[in-house]
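Asker: Residue numbers (this note's numbering), protein chains in the order written: chain C, 1 to 481; chain V, 1 to 481; chain F, 1 to 107; chain B, 1 to 107.
Check each hint, because a few of them may be wrong.
Take a look, some chain C residues computed to stay more than 12 angstroms from chain F by CB distance [unchecked claim]: (1) Tyr31; (2) Val36; (3) His73; (4) Tyr78; (5) Arg136; (6) Gly165; (7) Thr173; (8) Met180; (9) Phe185; (10) Val307; (11) Glu350; (12) Lys469; (13) Glu472.
Facing chain C, according to a computed beta carbon distance under 10 angstroms, are these residues of chain F, among others [unchecked claim]: (14) Ile2; (15) Ile3; (16) Phe7; (17) Leu11; (18) Glu18.
Hints are computed from structural coordinates only; laboratory data are not their basis. From the three backbone atoms N, C-alpha and C, an ideal C-beta is built for every residue, glycine too.
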Amino acid sequence: MIALLQVEPAAAGHGIGVATDARGIAIQLTYLAAGVLFILGLRSLTRPDKAQRGMQQAALGMLLAIIGTLLHHDILRYDWIIGGLLLGTAIGYPLGMFVPMTAMPQRIAVSHMFGALAATLVGIAEYWLLRGEVPRPTMAALGFEVLFGAITITGSFMAFGKLQGFITGTPVTYRGQNAMNLALFAATVGIFVFLIFRPDTPALFYAMVGCALVIGVLMVLPIGGADMPVVVSLLNSYAGLAAAATGFAIGNTVLIVCGALDGASGLLLSMLMSKAMNRSFRNVLFGAFGAAPEGGAAVAGAADRPVRSTTAEDAAVQLAFSREVVVVPGYGMAVAQCQHAVRELATLLEKRGAEVKYAIHPVAGRMPGHMNVLLAEANVPYDRLFDLDEINDQFDHVDAVLVIGANDVVNPAARTDPSSPIAGMPILNVDAARSIIVLKRSMAAGYSGVENELFYNPKTEMLFGDAKKSIERLVQEVKAL
Amino acid sequence: MIALLQVEPAAAGHGIGVATDARGIAIQLTYLAAGVLFILGLRSLTRPDKAQRGMQQAALGMLLAIIGTLLHHDILRYDWIIGGLLLGTAIGYPLGMFVPMTAMPQRIAVSHMFGALAATLVGIAEYWLLRGEVPRPTMAALGFEVLFGAITITGSFMAFGKLQGFITGTPVTYRGQNAMNLALFAATVGIFVFLIFRPDTPALFYAMVGCALVIGVLMVLPIGGADMPVVVSLLNSYAGLAAAATGFAIGNTVLIVCGALDGASGLLLSMLMSKAMNRSFRNVLFGAFGAAPEGGAAVAGAADRPVRSTTAEDAAVQLAFSREVVVVPGYGMAVAQCQHAVRELATLLEKRGAEVKYAIHPVAGRMPGHMNVLLAEANVPYDRLFDLDEINDQFDHVDAVLVIGANDVVNPAARTDPSSPIAGMPILNVDAARSIIVLKRSMAAGYSGVENELFYNPKTEMLFGDAKKSIERLVQEVKAL
Amino acid sequence: MIITLLFVFVLAAFVGYEVITRVPPLLHTPLMSATNAISGISLVGSLVLAGADRGTPATIMGFIAVTAATINVVGGFLITDRMLKMFRRRLPGGSSNGAGPEEGATR
Amino acid sequence: MIITLLFVFVLAAFVGYEVITRVPPLLHTPLMSATNAISGISLVGSLVLAGADRGTPATIMGFIAVTAATINVVGGFLITDRMLKMFRRRLPGGSSNGAGPEEGATR
Ligand SMILES: NC(=O)c1ccc[n+]([C@@H]2O[C@H](COP(=O)([O-])OP(=O)(O)OC[C@H]3O[C@@H](n4cnc5c(N)ncnc54)[C@H](OP(=O)(O)O)[C@@H]3O)[C@@H](O)[C@H]2O)c1
Ligand SMILES: NC(=O)c1ccc[n+]([C@@H]2O[C@H](COP(=O)([O-])OP(=O)(O)OC[C@H]3O[C@@H](n4cnc5c(N)ncnc54)[C@H](OP(=O)(O)O)[C@@H]3O)[C@@H](O)[C@H]2O)c1
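Just chain C, with the same shape it has in the complex (with noise of 0.2 angstroms):
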């Protein structure tokens, strides 16, 4: 059998981006073991009490992995490694450390920027190397490195720009966009596929770098704001491939495998959120949706309307006298960073003998799990976070529902207007409660920008201000009692 002795060379070691000798297979080992670690690391994350040990094995697996790189022939000179290595570090442990939880998706966003960059800067790097000389099978992997990574690059500036709010967070669109968009991206596989059969056009490869990176733009700007999440995750499956094109282009396996993994993941959890949001991914991506006419219109129609404000004192007296209450928090609980004050509140009603219970709608706040992540933060045992559907049946039953910085994810349209943007979204159904209390600073609608008939509701009553500060006067009012 042929196969057998063709089986002898590279048996002997010689595979792509191996070297042919023992120090070569001791780097490859470094990477397999690599590997393993991500891949266990992130089954860890099935278990949150293993979770935190699971990652630090992941990290252990990337210094291994940078270990044996740093043993690869090919490096002659340290200096510019160290370097980078330094400056990166010095960058990349504020971000680490100081960022705060309430900035997650910004920071991730970021995160994959740098990410692509890299990806990117290699793969633009390898095609100068070789001066053109680029086999097939390279160039079909250097095209979708750089593309990928160009993307990426911008894409998740752009989504960075929408969460931090230097960018609007309203889609931005105008006529023709679409027939725009499509040209650019046609013409930029055009490019693509004439590159793989003339690679030696290097002015046509930095042309099709240059589209991917406005694509990136383009492909973010019609998007709400508080589609980021979904387009942060999204892009993390872009950082994956072109890491993955990587991979293919210097036969590297552990790149191949860590790319997967994140395209995988990061499609997936995306369309987890979008689902949760009960609209298609075509949508999210496409929809335009939550452009702020819509919102500003409805806002300004029901301005007149009558709206039930109550002041701390007598929410205070209220939430003391109730025997079940139940805390909705939202997007607002971030903003105002009161996570800690609620627990405290919490902690003071469940003295006085009342059960609280939390209620986590799963697309709260901006990012899938963004409460728990907050709620987590302040101690809040998790035997009190309930999902919607474990929760939503039970409100009847509730004495007191307290609204922290959350709309959309409470709002009756998305049950009864079927024209609303938000409209078939599972909700909460607070407005089944006896009594509700609306923590937020003004009547101004939510990130889906549209108008929310809870706050007009009879048994709704409004508690304007910074979240954080209602909260501490509840606590001293409570106290106080």
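The hints should help you fit chains V, F and B with the ligands onto chain C, whose structure is shown.
Answerer: Then chains V, F and B with the ligands, alone, in the frame of chain C:
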């Protein structure tokens, strides 16, 4: 980056086991498709309703792989291939179509034997063809291939024999057994290591194969018949590892993938089984559990104690006037093949307003899910089947339990007598029910050979005779009422 | 290269583990025969051996190997199909039959 | 060979899919930052580029790439760890905290 240059030949197709041309790529693609279809097939087994289609696709994958292989450059003559395929189909078809469900474990064992035989022969032929000119990695792969292969051949045959009954089901043990086995094992490993450094010693190679064959026999001899399913499933994982080794030897990826899949699943399943019997994996393999003496003694020691035996008439009346009936099937139902009769009886009782449930013990029968398959064959709906944890606390308000050829899984000794070989195995607490009717042919012990107190329980009535006949009589009687 | 194949092995093992742990006990017997059928993949190696025409001994061994592997494949897939048909067949009858396997799968 | 790498890709994707679908919503945010941290693996390529000494432009690009990738890796793993610490930290307090994540995981 040198890596990049190294990619070219490889990307152009000089992988191991891969022809360099388009045809080679095409073959590899069929393998890739096959691999994916296999995985999807196994995944489909998580959904009973989707499972059949999934496995049909897996079969399609196998067909693809075969066709792909037939295109291989090295294949110069097709006469023997066609002959083998035809003969194999001629033998395999009846094995697949006409073997009764009750003989499943035996059948799977036989099938393993054939698969392993193929892998081993390929390994031997490869070695023979290379005439000792074997590079070390290849030698290592070949070694594993023939070792696992040979062990599986004889091991499966032994398991088959024990299950079929032409080899004694009771563990065969003799003085110095372990010492001897260990010595043989050590010797085999020694030869293997030596071969890796001196592949050009055919005599040793064939000696190693011989040893492996013997090991297969000695490994299974001391294991009781009731534990054969564990062994069969373990051999499944060996067969997988043999296939994987072949893959490494000839650099064929699909072989490696399938091998790994089987290796993992076989190991996992055998562990699950041991766990369900509440015994350590080690204990199953080396415990020589269920040796005749104990059981025999126990039975003898109890021969003179009173037993209430009943008639079909009385039992029928009792059942007919029970509101809640639980059927506990065991291996005896498989032997008697009375699942259809049981279903008929149940339907009759339900017509008379009784509620009939089935209590499925995880290790009832001779393989995991054995009872499920039989009852499925008899069209018993899923929702009537309850497993141990679901039903164990309900027996106290059950009017009549119908124990059909089950013994160990209802043996209170597991709870009460710590010295019993089945001590600690979770059992069905049928003795909590108001009355118990046991269908078996004699007072003989079950597979663990342990005396069963339940049969002497004043609440228990024995209906002796072949389960099928007994059930059919019960059906007539109930109809007659 | 050998390491890349190791990678393949490890990854496939992971997939196997993840998938198998999700198979409900209900389907463990079909699972055993399914994996058995798949292990018939050694047919691939056997075919090349039987057809490579590298001397009578090799060809004979190849012939036997092909026969044995084919028995494994054909028998294995057929019986698995027979078993699984029973599980599918019964879904229409009975209310929570749909639910039954569900909970089984998530157990 | 390229196909073998494809195999690796497909298998890894399967593993990813199987594992991710098992992560409870509770941990989706940490999951996002975890996968982000792992995607910093492109550091491997960057290191070789920065150290291969194949002309100033390549080295500079390599330097930038190393810096960027390092930011991704360091920041990513640190923040993931910070988040997960919160989840672990709370396990001792409260009765069914052990159960909570369990059911989460099987949800
Ligand atoms: N979770 C996810 O994965 C995800 C992903 C993508 C999109 N989304 C979207 O995000 C939205 C989440 O809904 P949500 O109800 O949680 O939030 P929301 O609908 O965005 O409403 C947040 C509310 O909090 C109030 N608020 C803001 N800062 C505050 C502060 N400092 N103190 C008190 N109140 C404050 C705001 O009203 P004021 O300005 O009047 O104070 C706002 O109405 C949904 O539309 C969802 O589709 C979520
Ligand atoms: N399920 C698995 O995966 C698995 C794997 C390995 C081992 N095992 C072992 O297998 C045993 C299973 O327990 P089990 O209670 O199901 O079976 P069992 O303990 O083996 O008892 C079966 C009983 O059925 C009776 N029987 C046999 N043929 C009969 C017929 N034609 N009509 C009526 N009765 C008949 C026999 O008594 P008579 O001879 O008096 O009729 C025997 O006592 C356990 O020990 C378990 O550990 C199971």
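Asker: Decide, hint by hint, whether the structure agrees.
Answerer: So, going through the hints one by one against the coordinates:
1. A Cβ of chain F approaches the Cβ of Tyr31 of chain C within 12 angstroms, the least distance being about 8 angstroms, so the stated non-interface status is violated.
2. Val36 of chain C, annotated as away from the interface, has a beta carbon of chain F within 12 angstroms; the closest lies near 6 angstroms.
3. Non-interface status of His73 of chain C relative to chain F is upheld: no Cβ of that chain comes within 12 angstroms, the nearest being about 16 angstroms off.
4. For Tyr78 of chain C, the non-interface assignment is confirmed: its Cβ lies about 25 angstroms from the closest Cβ of chain F, beyond the 12 angstroms cut-off.
5. Residue-level check passed: Arg136 of chain C sits 21 angstroms from the nearest beta carbon of chain F, beyond 12 angstroms.
6. Its beta-carbon lying about 41 angstroms from the closest one in chain F, Gly165 of chain C satisfies the requirement of being farther than 12 angstroms from that chain.
7. Against chain F, the non-interface label of Thr173 of chain C holds: every CB pair exceeds 12 angstroms, the least being about 42 angstroms.
8. Remark: the non-interface label on Met180 of chain C is consistent with the geometry, its nearest Cβ contact in chain F lying 42 angstroms away (cut-off 12 angstroms).
9. Look at Phe185 of chain C: its CB is around 33 angstroms from the nearest CB on chain F, clear of 12 angstroms, so calling it non-interface holds up.
10. Annotated as non-interface, Val307 of chain C keeps its C-beta farther than 12 angstroms from every C-beta of chain F; the closest such distance is 45 angstroms.
11. Chain F leaves Glu350 of chain C outside its interface by the beta-carbon criterion, the shortest separation being 33 angstroms against a cut-off of 12 angstroms.
12. The claim that Lys469 of chain C lies off the interface holds: its Cβ sits roughly 44 angstroms from the closest Cβ of chain F, which is beyond the 12 angstroms cut-off.
13. No Cβ of chain F approaches the Cβ of Glu472 of chain C within 12 angstroms, the least distance being about 43 angstroms, so the stated non-interface status holds.
14. Satisfaction of the interface hint for Ile2 of chain F is found here, the shortest Cβ-Cβ separation to chain C being roughly 6 angstroms, below the 10 angstroms cut-off.
15. Interface hint status for Ile3 of chain F: upheld, as the beta-carbon distance to the closest one in chain C is roughly 4 angstroms, under 10 angstroms.
16. The interface hint given for Phe7 of chain F holds, since its Cβ lies 5 angstroms from the closest Cβ of chain C, which is under the 10 angstroms cut-off.
17. Given the 10 angstroms rule on beta carbons, the hint for Leu11 of chain F holds: about 7 angstroms separates it from the nearest Cβ of chain C.
18. Interface restraint check for Glu18 of chain F: the shortest CB-CB distance to chain C comes to about 8 angstroms, inside 10 angstroms, so the restraint holds.
Checked against the numbered hints listed earlier, the structure breaks hints 1 and 2; every other hint is satisfied.
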